[in-house]
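Undergrad: Read off the chains here:
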Amino acid sequence: MKKHHFRIGLIAMIPVVMFSCKKDGENTNISKPLTIIGQSISDTILPMKDASGNSIPLKGTMLAGKTYHIMSDVTINAGDTVYLQPGVKVLIHGDGLSPATSPAFYVNGTLVSAGSKEAQNWFTVYETASVPKSNSTYKDDVVNDPAYKGYWGGFQCGPTADLLLLRWTHVEYTGGPWGNNAADFGFAPGDARNAVYMNRAAGFSKLILEDSWFFGSKDDCIGKCQNTYVSIMRNTFNKLGGTGGEGVNLKNHVFGDMAYNLTYGIATNGLKTAGATGVNTLVNIYNNTLVNCGFRQTKATRNGSINTETNTGGFIYNNIIVNCKQGLRISYQSEKGKPSDTLNTSYGHNLTCIGRGTQMGGDAQQYMIFIEPNQFTLKQPGDLNGYTNGPIAANGTNAGTNNPNDSLKYDPMFMNYDVAKNSIGKEYRNSVIPAGADFHLKTGSPAIGAGVYKGGAGANAMPTKPSATLLTQYGFPMNVLPVTGSEFDPTITGPNKDMGAFPTDGTGNQHTY
Amino acid sequence: MQLRALFIAGLAFIGNISFGQQTEHTIKGTILDAQSKEQLSGATVTITELHRNTSTRLDGSFTLDHINGGTYHFQVSYIGYITIDTVFAVSSNIKINISLKNATSSLSEIVIAGRKANGESEVAAKRTEQNAASVQNIISAKAIQMSPDVTVGNALQRVSGVSVERSSSGDGRYAIIRGMDQRYNNTLINGVKIASPDNKSRFIPLDIFPSDLIERIEVNKTLIPNMEADAIGGTVNMVMKNAPDALYVNASASAGFNQNVLKNGFDQFPVSAINKQSPYRANGPAYSATPQDFTRDNLNYTHKSAPVNTFATLSIGNRFFKNRLGVMLGGSYQNVYKAYNTIFSPGEFQDGGALYIKHFNVRDYSTQLTRAALNGKLDFNINDKNKIGLYVIYADLKDAQARLTHDTLILAPRTVPGTGQIWQFGRSRYQHQNIFNTTLQGQHTLVTDRLKLDWSAVYSNAMSEIPDIAEYEYDGGFYTDPSAPGSAPYKHPDVLQNFDRTWWKNTDRDLTGYLNLNYTNATHGIPYTISVGGMYRDKHRVNDYDNYELRPVPNSDGSHQEWSNIYNFNWSVYNPKGSPGEANNYRSNEQIAAAYAMIKFRLKKLETVLGVRMEHTAQDFVTDVPVTQAGKSGEKSYKDILPSVNFRYILNEKTNIRLSYYSAIARPSYFEIVPYSDNSMDDFNESGNPYVLHSTSQNFDLRYEWYPRANEQVFVGAFYKNIKDPIEYGFNFTGFQSDLIYQPNNYGDATNYGVELVYERYIGNFGVRANYTYTHSSITTTKFTSEIKNGQATKLYPEETRPLQGQAAHIANAAILYKNNKLGLDAQITWQYTGKRIALVSPYYQFDYWQKGMNVFDFAAEKRIVKHFSVFAKVQNMLNAKYEVYVNKPATNSVPVPEQDPSSGKTLAQRSEYGQTYQLGVRYIFKK
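For the protein sequence lines, the chains are A and B, in the order given.
Its first residue numbered 1, the first sequence is counted upward by one per residue in the numbering used here.
Its first residue numbered 1, the second sequence is counted upward by one per residue in the numbering used here.
Certain hints may be false.
Pairs of lysine to aspartate or glutamate residues, derived as EDC-like cross-links and limited to a Cα-Cα distance of at most 20 Å, are as follows [stated by the list, open to error]: (1) K299(A) / D557(B); (2) K59(A) / D505(A); (3) K299(A) / E549(B); (4) K299(A) / D454(B); (5) K632(B) / E487(A); (6) K336(A) / D500(B); (7) K600(B) / D500(B); (8) K426(A) / D620(B); (9) K639(B) / D620(B); (10) K426(A) / D297(B).
FRET-style restraints, in silico, Cβ to Cβ [stated by the list, open to error]: (11) K49(A) / K276(B): 36 to 42 Å; (12) D620(B) / G53(A): 26 to 32 Å; (13) N389(A) / P270(B): 52 to 58 Å.
To spell it out: a stretch of chain B is covered by chain A in this simulated footprint if at least three of its residues, at any positions, have a beta carbon under 8 Å from a beta carbon of chain A; those stretches are [to be verified]: (14) 61-72; (15) 623-629.
Think of the hints as simulated: they come from the structure by calculation, not from any bench.
C-beta: ideal position from N, C-alpha, C; glycine also.
Isolated chain B, as found in the complex (with noise of 0.2 Å):
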């Protein structure tokens, strides 16, 4: 059915035609594609006549000597475009540019709206952030395959402007745009929401996508009306594979190792074991909970060495019945083993401000990720007018983590090292996320070439489930006989302690519905296109909670229970029916209604998007304890008004100056408004703060975007914003035994203002990819220190300015890339730094804890081997980069704690080793 028709679109000569005395010639030339002028890597030229052939390389460019004089067939053949057989004479050296069109275009007048042809390329990416309306960066599904990144989280980091905030595994899970932690931002999957599995906020955890089944990511650094307004940082778009031209297979299968799983192999615990359900949910309010029902073969470590990492994806595609169903399925699986090794000794504050060391932790964890996602996607013209879509995503992550802790107490009766307090945990966490998407999609042209109709209606759920977290503990430790101090020191009883089990599970579900209408015309010879419409979306959060205390229960002569193991460890259950009246216990609703209205028009050589956004929010909860208790339930509404304005102008085909205006909303997450306190942290307690407010900015970007050849692109920015009441996590004094509770909160203002560098070139087989951004942000809040002052220590709370929590001044990011189609070899080698900030904030003044700058260096190559297959390989964190985060502060501690270097004047609070993660593996890949 294929057409073997021949095009030629375009076909130039740019070298002369001399007629000199040299019997043998050079051609050199590009191919490109007819319509985006793109340039297309790995077309074959060939000299039928002289079965002389070679790819065109990065650049599209290609190169062919020695050829006599002479007229010979070129044939230029290019996966996905039609090929070209054409005639030409050689003379002398000569440039050929040949453009090639694109098989699918050709075939019928029904351009789908929306897609893009082609649209994983990398070229298609540029050319789309060239077009667009915002301030867009946009990897390709191309660039992420050849990348090291398995997860849309580590991917993001390559992106301008964008660090991650890390999982305790590592891996990237939110975004952090241009120094907008994941609050700021949003999250879409082929432009809806969707529902979040985070028990606290309304955050997605972009670790819980395989890179592979997307087809690219966009970030969206600026707003147009019709875009969600909660976005102050930006916007994270996940467009997933769309429906091929023609039969399109992409498979493959690969497996690795993480370098400490290797050395020091892995502890794993049965994640069978777990009791999914507390057994207040199992059994109802009236059941007493017994030893009995609490688990201990989760609690068992089994020591293996070295679990291999797995990873199968496969999408496939085709279009049916004369094009019209186009059909995209794809999934992904992969299962991975990391082991990586931490130290903890968090500062303590003494009375009148000086930090110390109390407990130095060190920390092995085990942890193993399975993450499988399917995902579908159709789309069905039903005539040139009408076309409907529909998109589902499935995505899920299981998490089981082991972590032994032997934590020192670095205080008395530690005197010197060998001797003191030793805390021994075991402790298993097993954590089950998943996120379910449904879009149905609809376009309609209601008057051709004026007025057109798209709706969307989504139904989107979230899950995510902690069931039974438990950390047992034992206190032993070398103490100095008192009868003897000189003598060596004696190893104090392993004895038992007091531990909780816990139960955690939320739902999270989204209904919502989408309506645009578009009107194009055309007035005084302007062209312009006036859209309007809404959203409204339904959402309502379950949250359940169970707490319970075990404790050990002494021997029958009254000495204290010694441990062993799991298994002998006899213990009581301290509250046996649980903790159903925590705030923690709550159902949330909120609903969102939003119209917008904008005009997009083009005078000469400026394009301008205007328009105005109206959002209202309405927030409820409820939670399960009793009406005697402030912030039993609580509702909130606000409406913003939000503007925007954006200027494209037009300098000449490959040059864009933009000016954009926008004002954005982030809302505080249901859980953070209702009234929760969460006990279960190492550190600390949180609560909920129902009285925080929701934070709007003010926005103002300017971007110089030079694109001298389509594969090539300059961009350089400033960004300015002003954040009123910003929601900043903080400790704060609640008046109640002067606990600290961690909660959000607002702080005054903040801004946040930077540079952005974005570079890319591709020279012959070598191509250089480098962004750089500056981002200053500022906050001023209020800290907690005392003074002594004649025996009279006093609260003082001084004000402390620090940059927004998670914003790194420097981020850079570096890949140099090299392709040789003619052996098939794609490779790159990345680099991604990103310089010092804040990991978390303190309540004490100058204790805040400070991530180090941090280098890391990933390697990924792919060999074609025979037709339609191609090996790779992937190494993550080839240096083995350490993440350590720091207090500004040295440790008073008097007796010497390890690691530390007291006279840094720093105090490591932290250091994490995550090892290197190699990966090796097949792909195959069909394109007819």
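Just chain A, same shape as in the assembly (with noise of 0.2 Å):
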């Protein structure tokens, strides 16, 4: 971990209540040190202006407890860093209507987030009459919803931009397009803006998001991120994307892994990877729960879980998909992809439950399927499913059959969410993710040992696959970023013998609804 990018002033240590960890009902309570970076930040209305009125790229800590106002867009110049400490509030006050009243952070150097559990940090927008936030009774109102107003920018992570990582913090209201400056960033004006992009010139950044919530952006939550390092944990997505976008969308030359992640009511995909020609982009997804995703996509062959395509690779295992478009695709050719990296792919453990087979209220597109026939994916040892796999071309594609009648065979039995209520009507259509839904598994649940991990046996065994290099290489979870326990660096949890995001065990996804 290069520590000295950081250039650590002033270290205060302020007591802070921290339940580390439970066993046995001992609790133990030690203080963690409060991290200072650079100067604090002790104005609250931001950015700070010089004396001709030009905005003052910011850098330095944002100080617990307080909340910030962000009025227009705010700049980390590249080397410096913004860093805000747990219990953080940071009101955007925007209006969504343009680039101009949607203010946005553009970071070329470092911004980290260290929320915690118990202190979140927020990044949401102001609330006003004319701004208002969104709330249950929008269950499936794109054009109402404030959800995809895009009321600010996100954080746009330039071409030297080092490190994004937000812990335990809320980011809500993103989106909208792009304005004047939007060639800095590799777009044009008028483009969708993403909550979080990254795209490093040369080399790699770092992209952490753990224990974090992303509600409500008008196009991508985690956008067309190239060239980057990616742990993305523990996560909640809801209400992304509003009649299109991904929940995360990695691109080319990105490695890392998005596990126990919850996606729930994406317009398109929950997680999603799609490099380029002659690019190899390996990116493990394992242990999530995916929801009600892809019904809002209005183009027909956009997947609507997880997806695979042109060049991207990566272990797939664990996941739990209910109610959404289709299940898992490993992409030969679709309207927007081309092959994806099959010999770095593996998968199998997977899980996927479909409300109802037949035609979904009474709207001609709307089929759920297990796995769309005619690409690479095929049902896979220790998968959870009801399709049939067909005979395999030439090219390496599949034909095979969905029987429609295994509608809630796969029922992965939530702790607290019933698939049957919620596949009535148009309920997989609903973004809502009930008051105390929990995704844990009830007991009896198919999903329960019917994962691969670390130390199990036989099906349950560590997956391996000695003629893929890459997947070799990089490893099941990834070893592309340090984890020496320092705030800088990504917590990671490996593959659990449950599947999906909330493992019996009480690891994983943190989160409650």
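Now that you have both chains on their own, put them together as the hints suggest.
TA: If you want it as structure tokens, here you go:
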């Protein structure tokens, strides 16, 4: 870890209660040092302006307990760091009507939001009468739901950005079109702005998203990131993409893990990787739970859960997919993508449950299927779904069949989320996570003990694929980011013996709804 | 006022006058122009006493037979020439050549420099070619009028070594001279450069000019120092009609059809419904566009059955004030409906280098082209030593195009024909372009027979606007029911998609001054002319661009909105503030200062033009992108010293040998150096490249010219060009997002050489015109491909050698002409062949798009009906030639792709059929 990059200044010790682990009812509370990097940011109306009215780039530490107001675009210069102590609330004053009135963070250096379970951080809109927030009455209403208004511009990490780390942080109401500075980031004015975009011109930037909430975006949420090492773990992605867009959309030359995320009510895919020709991309996707994804996308053949295409690979295991447009897709040639890197792809032990195999809601296009035929995806050992593999063609695709009678047969039996009930009518389109929903697994769930994990034996043994040099080289979980216990490093949770983001042993995703 | 004087300028007996026995004799002969010795086709020869007459044929010859011996009055008349009345005694078969004198040249001693007597004629054109200092090819107005071509662009492809790049409607738009595309050529009107309405380049679209206002088109293939240097390939100079010697009226009206329009009808949208200004331009930067700001009528297509094409021209000229003032006015109007069908299935690149087809587009185009042009040319002789002239031209082209696309996605879920995803599109695109040019010129003799000065002051303005390009889209198709795989496919609802509305507008303004000084004298019996001069041009360009994205609003129950018609389409505006920060919003300037010195002298049979030209170029631009962005503004300047030498060795009166060397340049367009980006292209994004260098070239030409008779010519030529830093469009990787950006770039050096053959001959009523050009060019660039080794994909950048884009190895033209003056009938059939050539350079290795060789046959005929009136007919593209583009790689799709023949080893990427075009009209010509 290149800590010297962070130019650590004053380190103050402020006691914060920390529940580090639970074991046999024994509680240990140890205070953790509070970090300050550079100067404290005491002004709460940001950005500050110089004598001629120009915004001063932001650097330093945003202090615990403070609420900051962002009035216009904030830039973090190359080499500079902005650090948020736990318990910081950032309110962005934006209305989503134009790029100028929807401020964004332009990160050319480092931004670390070090929230904790007890002292969470917030990046959300400053609510007014004309800028209302969403609520649970907006179940399937893109037109009126404030979640899709794109009130502010998200985190746009430029070609020199080093690190974006969001831990126990809420990021809400992002998106909208790019303004005049779009070309600095490789876009054109008017293109869609993602909640998090990262693309380093040379080498790799680092994107660490942990235990955070991403709620409401107009387009892709974690969108089109490239040349980045990622660790995206234990997050909740909800109501992302209005009439298109993905929860996570990783592009070429990205290496890392996506695990223990819940994606719920995403326009297209919850989790997607799509690289480029001639460039390898490898992302492990495991132990995620995806519910109600893929139905707001207007293009008929985009997938709706987990999708890999154009030269991407990775280990894809232990995921639970419920009531999404389609299950896992390892794409051959799709309307948008080119073939996945099948050699460096290893997958299995995924559960796909569909509410109904027949047309839904009287809408001819709304079929739910386990696996889209004529792509690379096969029903693999350990998979739980109603797909029967067909003959494998010379190009590696297979034309199998989906058994419509297998509806609800693979219900993962969530602790408090009735899949059958949530399949009635158009409930599959409802993007509101029901209050009190619990996606942990009930006793008797077919997903319990059905995963691959370290120490697992037989069918549950960690998969290996000696012929795939990249898979072997990068590992499962991946080893691209250092894990030293430093707060600037990710906390990686390996695959669990149970499927899904909420395994019975209480590890994995810590969110409650 | 006309002098009825009788001149016998030349009279020659060639045949023997023998006293034979027969009582009936045959008289053969040829009628010539006294000055130029051009054979005059269509002159009337009358034997007054016998009331016998005939007209001369294409080669100026005539025959009168069964003439009893005796003495007769022969009257020879030809429009614009002084009638000859002479007496011959016929006592045997005789052969006579009679020369007629041009009516004007006898009237006054003033010979208007720069004007050719009866410059519209075919023979005058030949004469100019023969005497020109540089290597030239000329198409005369007569040839254009007689040809099937209605635009300059189409007429140009009759010139040897010239092929054309066609517009999307199939009309020739840009000239490719000896394989050098439009970037390497320049376009002049009356010898001066004009502004360009093109939104990306400095090219002049030649399809904007109706051919009937033009006296002749000169294609210069070599340069002399007094010509502008940005012509590596050559220059196209359109010489507008000059004032005639006496009252002259040429008017025509015609109508016609396009075969495809006749067959399939025409999809029309109301151009008047288009908002000419974007919401941003109309309401200012603070305005947020609302859904109501975007019109719908322009996306509502009405299917019409066969609208009629109409054409009208009028040229009228005369001289006044004792011929001191000459006036020529012209107007032209064309309203043409075209419909054509295209299939378009571009190749997609897959890791490892395989090609597959994703989209199979069937596109139906309906295009209405409205051309209007006005031309005025005045010359005024102040006195013997000073005269001034004023030329004004305004040309205007409106192009309203409807494009309905049916796009079948060849990939999954398509498993068999009849299933799969289908996208439907409707696009309306209206482009309005115009060019205005006004030139004031003066010619002054400062010292009689010694020193002359001429100057030109030019104001030129060009404009193009493409307001509100809009293409709606909906996604439907036929899918297999996953719950019943064996059942018949069900129709997927037509779900509306996001779409863009885009406005482009650009203006281009030139102010130019030219000054030339010519000193003529002789030393040691060697006549010479020394010329010095210069030019300065200030160019200013403004480019505006606005783009909005509209997104369908989901239904109230959350379901997707389906297509019913454009009026029910409920959309929201994604970016209500537009896109003002686009680099496409820019202003740029260019100042060119040039000076030259040259000497022309003749040493016995060797005429030499030797000299050097200097051109200094300064370009700058500023865009509306924020200051934080690289390339917001920029400046470039460079200077070129360009020597040239042209030798013409006059073997004899009929034969020239020419050898020339010149160096030339090609400038990047001001737009190309602006780091703009254009994401409106269908298949890729485009961007400018501020780092592109201007091209320089060394050119060598050798030509043998033989003029057996004035109306006949045989040319054999060869050329060689070495081009340093040619600018070619290609795809580049910008390092961002691995996206391919289509942009201009330098790709090392290129060579270009070839041979040209031109043959023309007239025998009696028949004539043959043919030319052939072989061109070889070569450039090596790096391409992109990838290989997969041990599961790791690796980018590779192999080199690929190819011809220059647009260059065909073989170009051939042939025309057979028939002229019967007795019947008043002219007819010609023409054949034009352009061999295979690269239509588009792909970024991918071995993925270039090649246009297949194309044969086009056209027909035209004109018949005199009564005095001054004639009818004419034109048929273009008689055999409905197909425009086909291939990639030399087979498609690897597992599901068969329509129209593909995998066994051919090639992939058909495009096929367009433009259909025949018919035109029938009447012409009125009056010459006093």
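Undergrad: If a hint holds in the structure, say so; if it does not, say that too.
TA: Tested hints:
1. K299(A) / D557(B): Given pair K299(A), D557(B) holds - Cα atoms ~18 Å apart, limit 20 Å.
2. K59(A) / D505(A): violated (40 Å)
3. K299(A) / E549(B): holds (16 Å)
4. K299(A) / D454(B): Not OK: K299(A) and D454(B) at ~66 Å, beyond 20 Å, violated.
5. K632(B) / E487(A): violated (40 Å)
6. K336(A) / D500(B): Roughly 19 Å separates the two Cα atoms, so the pair holds.
7. K600(B) / D500(B): violated (58 Å)
8. K426(A) / D620(B): Violated: K426(A) and D620(B) sit about 59 Å apart, past 20 Å.
9. K639(B) / D620(B): holds (15 Å)
10. K426(A) / D297(B): violated (36 Å)
11. K49(A) / K276(B): 36 to 42 Å: holds (40 Å)
12. D620(B) / G53(A): 26 to 32 Å: holds (29 Å)
13. N389(A) / P270(B): 52 to 58 Å: Cβ of N389(A) to Cβ of P270(B): about 55 Å, so the range 52 to 58 Å holds.
14. 61-72: Not satisfied, violated; 0 residues make the cut.
15. 623-629: holds (count 5)
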